[in-house]
Structures are given as C-alpha cells and as structure tokens.
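J.: Here is how the chains run, residue by residue.
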Amino acid sequence: MTICGAGMPLSYFSLFGLEARYALPPDELDLAYRRLASRVHPDRFAGGTTAERYQALELATRANEAYRTLKTPVLRARHLLGLRGMEIDHAGATMPAAFLAAQIEWREALGDARAARDEAALRRLGASVREHAGTLSARLGAQLDSDADDAGAVQSVLQLMFIDKLVAAIDDARDELEA
Amino acid sequence: MALLSIAEPGESPAPHQHRLAVGIDLGTTNSLVAAVRDGSSRALRDEDGLKLLPSVVRFLPGGQVEVGLEAKSRQLADPLNTIVSVKRWMGRRLADLSDSQRQAYRLLDGRGMVEVDTAAGMRNPVEISAEILKTLRQRAEQALGGELVGAVITVPAYFDDAQRQATKDAARLAGLNVLRLLNEPTAAAIAYGLEHASEGVYAVYDLGGGTFDISILRLSRGVFEVLAVNGDSALGGDDFDQLVYEWIVAQAQLAALPAPDHRLLMQQARQAKECLSSHQDAEIYARMSNGAALAFTLDRATLEGLTAKLIARTLVPVRKAVRDAGTTVEAIQGVVLVGGATRMPAIRRAVREHFQREPLTDVDPDEAVALGAAIQAHALAGNRSGAGDWLLLDVIPLSLGLETMGGLTERIIARNSTLPVARGQDFTTFKDGQTATSLHVVQGERERVADCRSLARFELRGIPPMAAGGARIRVIFQVDADGLLSVSAREQSSGVEARVTVMPSFGLSDTEIAAMLGDSAAHAVTDASMRALREQMVDAERLLESIDSALAGDTQTWLSGADRAMLEAAMAALRDELRVENAEGIRTAAATLNELGAPLAARRMDDAVRRSLAGRQLADFL
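Protein chains in written order, with this note's numbering: chain F, 1 to 179; chain E, 180 to 801.
Chain F with its partners taken away, still in its complex shape (with noise of 0.2 Å):
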C-alpha cells in the first residue's frame, strides 16, 4: 500500500497508525510518538552503516515533523484539510466582523497592559484568550469530525491561527516584562 505514489498527500496519521480525527487523545499521540522514536532514531545506529544512519535521519525527522503537526490544534486541523483536499488561502479569507472587533479589542489590551508594565493584566488577558481557543477548537472538532462541514472548519482554523498569534504575542510582552 503506497500512500504518497498515488499522488494523495502523506497522512501523518497513518504514520503513527491513528485514526484521523481531530479528536485526538493525546497520550495515544505521544506513545505512539515514542514507539516510533525509539525504533528510528539516528542514535539507535550511530555505529551503522552510512546508509543506515542517512535513512534514520530522514525517518526521525518525518516522525518528528508529524509529532509537531499533531500535537498542535491548528496544524493538526489544516493537516486534517489538507489530506481531505481543502487548502486555507490566508489571503482570500474573510472574516466575520465580531471576531475582528473580538481582535482588535484584545490587541488593545495588550497593547495597554505592556504600556502599564502590567504583569497581572497580561496574565487575565492571556487566559482569557485561551478561554476562547478552548471554545474554537470544541468548535473545530465537531465540525471536522461529525458535522462534516470543511468549509466551517476553515474558517475556525483561520480563527484559531489569530489567537496563536494573539497567545504568542501575550508571552513575549510577558517575557520582556519579566527581563
């Protein structure tokens, strides 16, 4: 069974043997993760054969580069599209006028509390941001995994893309704030 020569995309999730699904319980991902690990990695044939180690590198890698895609929701969720055909076009994507009010909102706050130097502020802000990613991506599941609805599930991942952006940006004032 080839699964890249067909010229359908490469299923991460096949690698680890995992069904795919959004829904994914995170200890099957890592136990699977390390099963293969174990068996791949270049230290398990640092004294093999030049071919040996080439071919373990490439395979950790993949292992490595899938465990990542997996264990994060968004990239999880587009890899998920991605194997059902559906591409996220970042530039021709609209989104809906509260979630860019929503947005703004939040940039404004953390734009103020970084101005105040105000570490408790950013603490809220950031679980309050998180809150939501939570709600998105309850939403996200079900429509990838029962509702069948690709074109929804697009839009939740474009949404959820601005709120890692938003989370990222929330530690690094926190980090600067802290040094």
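It is worth saying that the hints were derived from the structure and are not from the lab. Ideal placement from N, C-alpha and C gives every residue a C-beta, glycine not left out. A couple of the hints might just be wrong.
[Said to hold, decoys possible] Partial chain F-side listing against chain E, Cβ under 7 Å, derived: (1) P42; (2) T61; (3) G134.
[Claimed, not checked] Stretch by stretch, here's where chain F covers chain E in the computed footprint (C-beta under 8 Å, at least three residues): (4) 595–605; (5) 656–668.
[Stated by the list, open to error] Partner residues are not named here, just some residues of chain F that face chain E (Cβ under 7 Å, in silico): (6) E52; (7) L57; (8) A60; (9) N64.
Using the hints, position chain E against chain F.
T.: Relative to chain F, chain E alone:
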C-alpha cells in the same frame, strides 16, 4: 550502536569487545571524567584519588603547562599566566566579556575569539580548554587501560553554536573523538532518571560556575524527552563571587588593584561564599601586596542581600522554559539541582518557593553531569547499555533563522524543536532581473539580526532573470541529532541549488587544528593520523559486522544472487585493505561497500518501522 542496527534492541548477534568511551564534564570551575564500568557509571580518579580537576591552566615560560590543583595553587603568585574559568571565553570576543574578566588578564581579540598573552605565548580558549581535556584523557586511558574510542562532552544547554564549536575544537585538539556534545542538564537527568527509574515531568535547575541552564524533561519508559531548555550562558557562581569581591572592595575603600591582589580577593570572596552555605558568618582576611591587612566578617543575610538579583535572574529563564514546555509548575514532579552553586541555601529556597516543592538533592551536584555523559558515551560507542534500553530525544536550544529585508530575522526553526528537524521556507527576489541572492544564517531569539549571532553566509547564484517576486527560492534547514545545521537553497523553477554545512566563522578548520597540533608538539600530527586510521578501521569492521549479520538472515526473497556476489566481493576487498592497514584503501573500499549495502539498510529500517507499525513500507513515509 552498530549491532543494535541489525538486532532487536536487547539482542546482540555477535559478541564484541567493550569499546572504551568516557563522559567529560568540562566545567567552568572543575572538570570530571567518568566511564561505565561493570554496568555502572563512575567518576574516574587521578593518581591522588581525586575526582574533581580544577579547570585551571598555568602557562610557564618555555611552553610548559600545569593543569588542575598544581596550577590553582600558583594562581596568586602568577595570576596573569594562570587561567581560571576559561569556559566563559569559549567562542567569545572581548566585547562579549565583563569588565572584571577583561581586567584580570592580558586579553586581546584574536582569530575569531579572545586570546590571552601568557608566558608561553598567545593562547586562545580552545587551546586552554584542550589542556584540561588532555589531562582528563590521560587520566581515563590510565584508569581504563586502553585507548578511548571517543567521548561525550557536556556543554551548557544554552551554549550557542560558536561556543559548541569551540568546545568540539578543543576536544579534537586534545586528541579526543567527540561522539556527541550533550547538554549538561540532560546529562544530569539521564544519570538521575536511570538511577531512580523516574517517570513523569522533571525540571533540572543547573547553576554552574559560569552558566545557568534550566531544562524540562519528560521521562517515560526509558525515553528522555527534552520538552524545553532555557538559560543564561553568562550567569554562574563566578558572578556571586564577583559581587562579594565588590563588597570587600567597597568596605575597604580600595582603588584599582594590582593583579595579585585582585586574584587574592576573588579567592577570598569565593571561600566566603562557600563557607556561608554551611555557616552564618564567614571571616575574610587578606594581606595586600603593599603590606596592608584587611579583615571583615560577612554574614549570610548580607550575602543574600547582595546576590538576590542574581537568583531572581535565574527565574526568568525558568518561567520561559516551563511555558515553552507547555506545562505548569504544578505538573512538574520533581526539580533536580545540579552544579556546585546550587549548594547555596538561598538558591534552594528560591527553587523551593518557585516550584512549590522540596528540590531533589540526592544526586551529587558535582558529578551527575559527568555520570550521565558517560552513560551516553557508552551507548554511542556501540556498547550494550548497562542500564537497559533507553533513548534521548533532545531539542535545539536557540532558534535558527535567516536575515530578511531591513535587517530582520525570519525564524525557520523555533527553539525547543526536537532533533533531528528539517524545515523549509520560500523566499523570492526583490529586484527585476536579480540573478543571485545572499543568505545569512543567524541564531537567536531577537527580531533584529544585529542582536542575534551570525552563523554563516552563502550565496545562491545563477537564478534565471525574472521580474521581482517571480523567483521561488526554497531554503531548507536541517539539524541532525548532533545539533549540526546544514542549509540548502534551491530556486524552484530552474533547479539552481546551493548548500552549506554551517561552521561558525570562528570554527576551526581541520587544517587549522592540524597546524595547532603541529605547533604544540611535532609528533602530534602522526599521532592524529594514526588515530584517524584506527578510527577508520573500527568503522570498517563495524560495517563488515553489520553486513555479515544482515546476510546471515534469509535474503533470497529480496536479494539477487548477483547482488549478493557483488556485496561479498566488496567485503573481501575491504578486508584486504584492513589487513594491510592502508588508510586511503580502507576509505575507498568502505565507501563502495556502504553504497552497495544501502538496500540492506533500507530493509533494516523497513523492519524497524514494521515492528513499530505493522504493514507499512519505509517508502510510504519518505
């Protein structure tokens, strides 16, 4: 692990001799060498029964060198030629060093990094560190009774590429084959985790003489998975000494001091700090070169007041690492303390308060790093692990990126990505008809290129002229399990390609290493080539062993008679070259055999994947 590549883990098809390998903790203050013997990792002692080798090197006129206690005992009499804490200079230029470090020696900017003017001439940090490593290598060869196959050398997790490269160069200069540079906190975690059969998420808080590291790891069924590292490669116990020294100078209202007085007071400062870990007060007494005597009492509360800001500084990377690991302080099951400086009660208190739990101190903070390194060296040299089957999944400590327009960094590989890792990014041209582009590879977390460390520059030429934005240049960064970066760039429409294996601008080339070896002793070059030949022979024998045992299985279904005959001919050719010990012949014959043996390797790897996942072919995933 030559044979593990063929056999199931835990099963060795052919008995082979124990390959001598050591772990070396090349520390700022003290260094150690350890090895696995009779299944357990132990620090090796010198003739006097001592394990710790002070990382002090003294250069005498005429080129004679003293290392360790002997050098340390002479540092007051001969401060300018007696180098302490050389690790803080590795891969660093004068501008990177603190004023106090600059004023203690005759330092200049040399080739790529600082150099110090000594009675034996100019010496750079690589050469000075090599003296420490040479001493440890001799100690190990004496204790183990044979020549070393290689060594795992530890470095602070937060060392950048330049500092790592300098460490590697020092080892090569000392005649050591580097099996791996291993991060210090990871090494400590291996020693601790294997000994205690720990499971769960652990933090390692490692405050050494010159560096601070924090690592968060997940230990699970023999897999050590580093989740995040962070740190400060210019913060260590030395900085606590410096603050005590400044306190003494302020108390005594001293002006600029001559070098011997400076060194004397630094020594007094260190002793006082160490004394205060077990006492409430420390007496400081010093007779200066002008005859004046100083006497003070420093109490623990004053020391803690002086150094509180340093301790607070360690908690910044701690918070970042916990966040990067995607975990919380509450989810961490244990905090292991490593490094001599963690003996300070104030540090233990700060760690306890931050992690809300008693830190684990049942590992010797001085030895844990070397012991863990020895365990990994033992495995990487191809020996069966005494501690059972285990694997380390390490991460890249600092982000890697490219310079883009306006002096900004485009991050390609984020810090804390698990190794090995490869990632690509597409770029384009910004001028009409542009036929070349220059790529600047940088390391660091800052947005501006000027604030990151420059690793390499290379050019992609021969791009067909197109309108601005027309070319599609894909740049791929690959970092292998050793943390070595190679970068390739390819213009997609024309297929024009360029690649570079990154060696920092101040990394030493093989020729330079050979020249330095030549400088230090005329016969060292022959030594080095003998060593190279022996390493080649070991490699060739492993290759033969591994192919032999692959052919021993059932090969008829997938290996044709002709292919098999060809393999056997290539093996015979390699055995002939081995018999006459012809280095060049061995190299060529081994390369041929490696090439012919490639299908066997694919077959092995397929088997490995199949065992982990029934019914898949390797080709499905590559």
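J.: If a hint holds in the structure, say so; if it doesn't, say that too.
T.: Verification of the hints:
1. P42: At about 4 Å, which falls below the 7 Å cut-off, the nearest Cβ of chain E leaves the hint on F:P42 intact, so it holds.
2. T61: 5 Å, holds
3. G134: With a closest approach of 14 Å, the F:G134 hint is violated.
4. 595–605: Since 7 is at least three, the answer is holds.
5. 656–668: holds (count 3)
6. E52: 4 Å, holds
7. L57: Given a least distance of 5 Å, the restraint on F:L57 holds.
8. A60: 5 Å, holds
9. N64: 5 Å, holds
Of the numbered hints given earlier, the model fails hint 3 alone.
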